[in-house]
Amino acid sequence: GQNIDQPTEMTATEGAIVQINCTYQTSGFNGLFWYQQHAGEAPTFLSYNVLDGLEEKGRFSSFLSRSKGYSYLLLKELQMKDSASYLCATQTGANNLFFGTGTRLTVIP
Amino acid sequence: GAVVSQHPSWVICKSGTSVKIECRSLDFQATTMFWYRQFPKQSLMLMATSNEGSKATYEQGVEKDKFLINHASLTLSTLTVTSAHPEDSSFYICSARNSGYEQYFGPGTRLTVT
Chain A
333 GQNIDQPTEM
343 TATEGAIVQI
353 NCTYQTSGFN
363 GLFWYQQHAG
373 EAPTFLSYNV
383 LDGLEEKGRF
393 SSFLSRSKGY
403 SYLLLKELQM
413 KDSASYLCAT
423 QTGANNLFFG
433 TGTRLTVIP
Chain B
66 GAVVSQHPSW
76 VICKSGTSVK
86 IECRSLDFQA
96 TTMFWYRQFP
106 KQSLMLMATS
116 NEGSKATYEQ
126 GVEKDKFLIN
136 HASLTLSTLT
146 VTSAHPEDSS
156 FYICSARNSG
166 YEQYFGPGTR
176 LTVT
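Chains as they are written, first to last, in the working numbering: chain A, 333 to 441; chain B, 66 to 179.
Please note that the accuracy of each hint is not assured.
To be verified - Partial chain B-side listing against chain A, Cβ under 7 Å, derived:
| hint | residue |
| --- | --- |
| 1 | 67 |
| 2 | 105 |
| 3 | 108 |
| 4 | 109 |
| 5 | 158 |
| 6 | 170 |
| 7 | 171 |
What the hints contain is simulated information worked out from the structure, not anything from laboratory work.
We put the beta carbon where it would ideally sit given N, CA and C, even for glycine.
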């Protein structure tokens, strides 16, 4: 079966750092994705982890621990435009994506 | 590169009618296309996976006779919602993948059934 847990909502201040956690139970795990989705729009790709460790890409970093079934997305130097939903998704051996319910991040001045 | 388009971007139809949504990969050949549905404040739910030239694989609970999927070429997949009802009102999003791992998402189609 598939299950993903993320916090429903988070609030952070402009310029700060925020960490969005994701825990998962996935049979046939074959990688973990993070997507950003603004309201009424399609998701946009942020990161992909298949091996343990930290992947850094500009202001965004993503971490994976396969043994713990855990990932996080780290956003640095928050900007107002980062207010969006952040979706954690696991990829199975069949290469299908299973999405979590998403974390709605609100960045305040 | 890796652009996926959807048409229409929004549609309103009457209950009982059918609606067709197109998904196109504009600058790459998509061996696999995926159709998702997203209700307000919920995450994306995979409806079906389609490979070019073969029948779509539907997720559990998705009626294949109601949601007809055709993947006639490597750049086009269509989803037809037949005999639409108000509960089918949702945001429908397609994605496409070539030989890599990443799925490229279309901009979505908002369907409202009155």
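Which numbered hints are broken by the structure, listed smallest first?
-> 1, 2
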